[in-house]
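Sequences and hints are given; from them, build the entire structure.
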Amino acid sequence: GAVVSQHPSWVICKSGTSVKIECRSLDFQATTMFWYRQFPKQSLMLMATSNEGSKATYEQGVEKDKFLINHASLTLSTLTVTSAHPEDSSFYICSASAESSGIYSYEQYFGPGTRLTVT
Amino acid sequence: DAKTTQPTSMDCAEGRAANLPCNHSTISGNEYVYWYRQIHSQGPQYIIHGLKNNETNEMASLIITEDRKSSTLILPHATLRDTAVYYCIVRASGGSYIPTFGRGTSLIVHP
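Residue numbers (the numbering used here), protein chains in the order written: chain F, 1 to 119; chain C, 120 to 230.
Only true hints are included.
With the C-beta cut set under 7 Å, the calculated list includes, among others, these residues of chain C facing chain F: (1) Gln161; (2) Gly162; (3) Pro163; (4) Thr219; (5) Phe220; (6) Arg222.
Keep in mind the hints are simulated off the structure, nothing from the lab. Idealized CB from N, CA, C, for every residue including glycine.
Spelled out as structure tokens, the structure:
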């Protein structure tokens with residue numbers, strides 16, 4: 001149990017276009033989802049925290065108008081990279097947690113990541 | 120959440136035990152020690168967690184010192200597939216939690 005999926009697993013897009021990455025919790029309801037970005041040979045950097053039905057909270061230095069996050073349901077959050085540039089090329093990882101009682105409560109489960117390459 | 124300190128890298132021979140240390144000297148009484156690992160180009164994978172007692176599961180063992188200021192993750196029989204970056208995180212249980220990762224330990228298992 002506690003599976004988090006991401007789609008697509010990799011994507012190549014042209015500079016100036018937008019790309020959407022989906023994060024789904026497959027067998028539990030995720031009240032909170034997190035988006036991370038990871039550059040080569042570096043650790044995961046938290047970009048934003050999103051709660052279902054409310055606006056995402058962005059970390060300092062992350063442009064909210066560039067990285068649009070929508071957490072429309074308890075099983076789906078999306079990250080849209082708008083007007084992508086080559087420097088946005090990175091590995092994007094989502095994670096989900098269920099803040100309620102139950103077997104998955106408060107634990108954090110990670111998706112497999114999405115490799116974005118902007119040409 | 121308390122800060123952790125891990126060695127940057129370690130190596131281990133296949134079939135031998137890999138012992139990965141973590142210092143968390145400022146850990147609070149209600150904070151757990153969590154271990155994750157990240158294989159190249161994959162998302163982090165949960166390994167194990169504990170509060171003060173030693174823990175063991177099918178993946179690893181976690182040894183926490185009596186004063187809880189440090190811990191060791193033990194992979195009893197390392198395989199090549201255990202080559203990954205291992206992250207030690209301390210966090211409070213329950214409630215809201217913003218997970219952050221340090222640089223972790225890059226473990227290389229060699230034949």
